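Q: Turn these sequences into a full structure, and let the hints steer you where they fit.
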Amino acid sequence: MSQRTYSIIPLAAAALTLFTAGACKTVVLPGNDSGDETEGTEGTDSATGPGAGSTDGGTDGQTGSANCGELSAKTLDILDVNCSKCHGPDSAALGSINYITNLDALIKNGKVVPGQPNNSALYRRMAATMAPMPPEAETQRPTDDDLRVVEQWIGECAGVTGCGDNPWITRSAVIDMIRADLLNTQEISADARPFIRYFSLVHLYNYGWCSDQIDIYRHALSKLVNSLSNEIKVVAPTPIDPDNLIFRIDIRDYDWDAPGNVLDPTVGSVTETFKDTWELIAAKDPYAIEFIGDSAEDVKQATGTKFFLLQADAFVEVAAQPPLYHDVLRIPLTRQELEASFGIDVEANIQEEVDTNPNRVARGAFHDSGVSENHRVIERHDFPNASNRSYWISYDFGSNAGDANVFVDPFNFVEDGSEIIYNLPNGLQGYMIVDEFGGRIDDAPIQIVQDKNAPDGVVRNGKSCMGCHNVGMINKDDDLRWEVDENLGEGDFDDNELDAIRALYPTRDDFNILFSLDADRFNLAVKAAGVPLGGDKEPIVTVFNAFDEDVALRRAAAELWTTETTLREKLGQLSPDLDNLGKNQTGVRRDVFSAAFSDAICQLKVGRTKACP
Numbered sequence: 001m002s003q004r005t006y007s008i009i010p011l012a013a014a015a016l017t018l019f020t021a022g023a024c025k026t027v028v029l030p031g032n033d034s035g036d037e038t039e040g041t042e043g044t045d046s047a048t049g050p051g052a053g054s055t056d057g058g059t060d061g062q063t064g065s066a067n068c069g070e071l072s073a074k075t076l077d078i079l080d081v082n083c084s085k086c087h088g089p090d091s092a093a094l095g096s097i098n099y100i101t102n103l104d105a106l107i108k109n110g111k112v113v114p115g116q117p118n119n120s121a122l123y124r125r126m127a128a129t130m131a132p133m134p135p136e137a138e139t140q141r142p143t144d145d146d147l148r149v150v151e152q153w154i155g156e157c158a159g160v161t162g163c164g165d166n167p168w169i170t171r172s173a174v175i176d177m178i179r180a181d182l183l184n185t186q187e188i189s190a191d192a193r194p195f196i197r198y199f200s201l202v203h204l205y206n207y208g209w210c211s212d213q214i215d216i217y218r219h220a221l222s223k224l225v226n227s228l229s230n231e232i233k234v235v236a237p238t239p240i241d242p243d244n245l246i247f248r249i250d251i252r253d254y255d256w257d258a259p260g261n262v263l264d265p266t267v268g269s270v271t272e273t274f275k276d277t278w279e280l281i282a283a284k285d286p287y288a289i290e291f292i293g294d295s296a297e298d299v300k301q302a303t304g305t306k307f308f309l310l311q312a313d314a315f316v317e318v319a320a321q322p323p324l325y326h327d328v329l330r331i332p333l334t335r336q337e338l339e340a341s342f343g344i345d346v347e348a349n350i351q352e353e354v355d356t357n358p359n360r361v362a363r364g365a366f367h368d369s370g371v372s373e374n375h376r377v378i379e380r381h382d383f384p385n386a387s388n389r390s391y392w393i394s395y396d397f398g399s400n401a402g403d404a405n406v407f408v409d410p411f412n413f414v415e416d417g418s419e420i421i422y423n424l425p426n427g428l429q430g431y432m433i434v435d436e437f438g439g440r441i442d443d444a445p446i447q448i449v450q451d452k453n454a455p456d457g458v459v460r461n462g463k464s465c466m467g468c469h470n471v472g473m474i475n476k477d478d479d480l481r482w483e484v485d486e487n488l489g490e491g492d493f494d495d496n497e498l499d500a501i502r503a504l505y506p507t508r509d510d511f512n513i514l515f516s517l518d519a520d521r522f523n524l525a526v527k528a529a530g531v532p533l534g535g536d537k538e539p540i541v542t543v544f545n546a547f548d549e550d551v552a553l554r555r556a557a558a559e560l561w562t563t564e565t566t567l568r569e570k571l572g573q574l575s576p577d578l579d580n581l582g583k584n585q586t587g588v589r590r591d592v593f594s595a596a597f598s599d600a601i602c603q604l605k606v607g608r609t610k611a612c613p
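To convert, note that position 7 of the sequence shown is 7 in our numbering; the numbers rise steadily by one, no gaps.
It should be emphasised that the hints constitute simulated quantities derived from the structure, not laboratory data.
Every value quoted in this text rests on a predicted model; they were computed, and no experiment measured them.
Just to be clear, a hint being listed does not mean it is correct.
Straight-line Cα separation of at most 25 Å, DSS-like style, residue types lysine-lysine; simulated pairs [to be verified]:
hint, residue 1, residue 2
1, Lys85, Lys306
2, Lys306, Lys605
3, Lys527, Lys111
4, Lys233, Lys527
A: Structure below.
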């Protein structure tokens, strides 16, 4: 054996994720732009988007032939994949069409004529043989099946009335339901009340969405709260209303009753401390409201918090990414600290595996990982004294040359960045990205790895990893051990080195058993959260991306707990940044709305926020 030292183990490296096509697409979930005259009245116009025209996932109520929820979702995906590059909200739009993934706007601007595909400019251009859209030079083009989906959606589902006539649920009614649940439900003892909190999806119902459209939000909420848990059991939030729009949690179920600390990497220490993790979440959520009124005061007194109710999709947006993702899961500032907290000594484990082969460590190397253009190594460690948990680390490289070539030196390579996946106590997964020194970072360097389905290509901790690990660990056949066994390897290894490789790098079949074991564990936890397994849309990422779409007037009104008519009348009293809510079809950008939200709540006298005097 040569003089390589096997205990010299690289610092953590990059992503284990295999970003598959379509896994992290932005999906617009448009709603109903028509409004109510006063709070408590019914909506009037149609709701388009996934689920419009269907009630509980069945066929359309009017035509009886089309599942409009499915057709709308498919149409959105087709437009997103084939058209949003030039006509999406973040693109340099051609002409006035910058709303290609907003089905409402396509109808209202005459690009789609409901019931008439051949009179709809959208379909005519997509189906044209001369001067089609996308242009012929574009390699990404809709298939014949795609065109049939768009044609059927326009013919049978565009503009079809869905749940736009949902009876409006007022914030007073919501708070009264919460008060009744908290104070009158036998399963909630007086001792438990200080730990009870609530999430709401009422704004989506008031926006005009049907129950099947809202399902993915329910799934995202349950999966995320459990993906931010350090407790051993999966506990799905409990609906308290007949429409399954208001959900109760006990923060003790997720270890959120522990103090919430903000760990600032710029100073290397805790800079803020909250009495519990819920208070930390509420403090960082720009949509948190302290509601007012007698019922609200009763709830605040019983729970001991001003912020007993949070908007569920806003929670997903803020908590599924750093910095809150790190702080809620209490992910330390370095890889070394994380491993120490698990009782894992990576260097010692590797040396032991090479020396005695106890099968507690498994490593694989790949020429083509699907994320990085260069080689990649991934490595699995058993948790000591925890057979239901594992720790995965990947090693990524900025090139394949020199000491970055793992196929020449499978032990002493030097990597450039990393991501870590580990089982939470409940079986779901936690994620961490570290730099070449093992320091925690929010985003992976784009020159090392890319999220091919993110608009900017950046792999962000939390949501990017959740999106592409929808089914947990993803099988990938090792190349290094296989090539060595087939005498195809690049390296020149002596017998001792070959023995060490075979100890550390298992066969493809053995490695795939470990992948399957960990994926099964993860999927059992997902199922326990009440979330459907698989599917082409991971719920957390779908809700995260949908939340960032432009905010139209009715959606803004629903989130501000008022009606479209009232909001339109009072726009002049609010931030000038919201003026466009009443002037165009697409509304305002989400970041603009978020920045103005807190002040608007004060001006509309909905409740108190940090912006209130």
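Q: Take a quick look at whether Lys527 and Lys111 sit within 25 Å of each other, Cα to Cα.
A: It is violated: about 41 Å lies between the C-alpha atoms, which goes past 25 Å.
Q: Would the pair Lys306 and Lys605 pass a check requiring their Cα atoms to be no farther apart than 25 Å?
A: Holds, at about 16 Å.
Q: Are the Cα atoms of Lys233 and Lys527 separated by 25 Å or less?
A: holds (12 Å)
Q: Has the given pair, Lys85 with Lys306, been kept, meaning a C-alpha gap of at most 25 Å?
A: Judged against 25 Å, a Cα distance of about 43 Å means the pair is violated.
When each numbered hint is compared with the structure, violations occur for hints 1, 3.
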